[in-house]
Amino acid sequence: MGLETGALALSIATAIAAGLIGCFAVMRRMALAADAISHVALPGIGVALALRIHPLAGAGAMLFFGTLLIWALESRTRIATETIIGVVFSAALAVGSMMSSGEELIEALFGGSGKLTIGEIVFGFLAAAGVVFFVLKKRNSLILVLVSPEVARTAGINVARLNLLYLETFALAVALGLRYLGVLLMGSMIIIPAATAKRLAGSLSGMLLYAVLAAVLSTVLGSYAAVLLHRPTGPMIISVAAGFFLLSLIRWRA
Amino acid sequence: MPSALEVDNLSISFGETNVFQGLTFSVAEGTSLAIIGPNGCGKTVLFKALVGSISYRGRIQWAPGVRIGYVPQKLDIERDLPITGHDLLLAKGSVTKAREDVTEALLRVGLREAADRPIGVLSGGQFQRLLVAMALVGRPSVLLLDEPTAGVDEPGQEKLNELVRRVQKEKGLTVLLISHDLSVVYRYATNVLCLTRERSWFGAPRQILTPDLLHELYGAPVEFHVHGP
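These protein sequence lines map, in sequence, to chains A and B.
Numbering-wise, our numbering puts 215 at position 215 of the first sequence, and it's gapless, one number per residue.
Numbering-wise, our numbering puts 1164 at position 164 of the second sequence, and it's gapless, one number per residue.
These are calculated hints, taken from the structure and not from any lab test.
Treat the hints loosely; a few may be bogus.
Quick list of in silico lysine-lysine cross-link-like pairs, BS3-like style, CA-CA up to 27 angstroms [claimed, not checked]:
| # | chain 1 | residue 1 | chain 2 | residue 2 |
| --- | --- | --- | --- | --- |
| 1 | A | 138 | B | 1097 |
| 2 | A | 137 | B | 1097 |
| 3 | B | 1048 | A | 138 |
| 4 | A | 138 | B | 1169 |
| 5 | B | 1048 | B | 1097 |
Please model the complete structure; the sequences and the hints are all you need to start from.
Take a look at the structure:
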């Protein structure tokens, strides 16, 4: 098994993580937040390139603190989440684009084609496993917080802490996809399969399952189509995912 | 009788706006407290403070070991989510380590196959009964019900009231109920807490629900009819 196979296996692991974390993002109506959080990575990548450290380290650090900022603003102030997201989103994009050159920016936004190192692959699998573990272990608490923070509190859940954990896990999932999908497309990878699953499923387990299936199928089909048609991988994967979403709309009307 | 809850000089404000001030009342174990008042007087806010969801000044003291079952007025989600009643009850059961309560709770509220369907397709009455079932999972000793009969037709309301009444009797629960239905208040409540932005009244229904107070609370003469016998 070479690095090529390892990279494909990692992109499938990433898809599973994205599908699962995305279900709760869609149910929490934070599809827009997903985009904003992924953009927070951009200035981090710029700083890392300037300091000649690994871009993922910069992105990861920035995602961690950006998420903390969104969480703190949301829980300490009474500003609408939408407003916070809008501000953070635009600021991150502006700062990020100032700090990186044109080509680097395109790569950061849409993913790169460079070969993955062993270290990146190992980090990727660990992070994906972490995201999957969190969602499956905490799904019941997440559902209760989602339907009613008061009910969740009476069940003994620390609502603020769980929300922070969720956002940080979300940021981790974004960091996972940065290398091959880029900032812009990873947000879509989290949201689109989950949105498809929401239309098709009739229960929570069904939604989690369909989201994973849609994400993995998009990744595999998209990766092969990219090779066959000589197109960049990331945009191809997201186009396939969007295709599945459109199909789910037709099925619904039938 | 020991108190399940003691509230002393409770005040809540959002920024500059006072919701209410200096609220003092207590609820004895196994009794019912009805909370009434015009819309926007802070009834739901009071419940949120009681479970520690929002910050407040003053003292809220639950008896040691109290477990609360909360019936929210509405859920914070869109109704078209692929979540079934079972999903909700199992979530509550898992988190409170009382999964075995789920079947009993469903039987008690008379929902079985309906609990397997997404919550969006349930009728108003079924949905409210599902929320009551969710509150009953986890062996509560206190129930907080925020207008459990809102949006339910009249026979359904009667059924829900009877249901809560029966569970309370069988399990010796303490019940706090936000209601607009004065006949229910008269029939079931041990004490009443009337809230307005300016002040509050607390006492037995027959002592404090005078025509003058009702006029002050609702701004117009209130007629109420007693349902049933």
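Hints, verified against the model:
1. 138/A x 1097/B: 14 angstroms, holds
2. 137/A x 1097/B: 14 angstroms, holds
3. 1048/B x 138/A: Satisfied, since the Cα-Cα distance of roughly 24 angstroms is no more than 27 angstroms.
4. 138/A x 1169/B: 35 angstroms, violated
5. 1048/B x 1097/B: 23 angstroms, holds
Of the hints listed earlier, the one the structure fails to meet is number 4.
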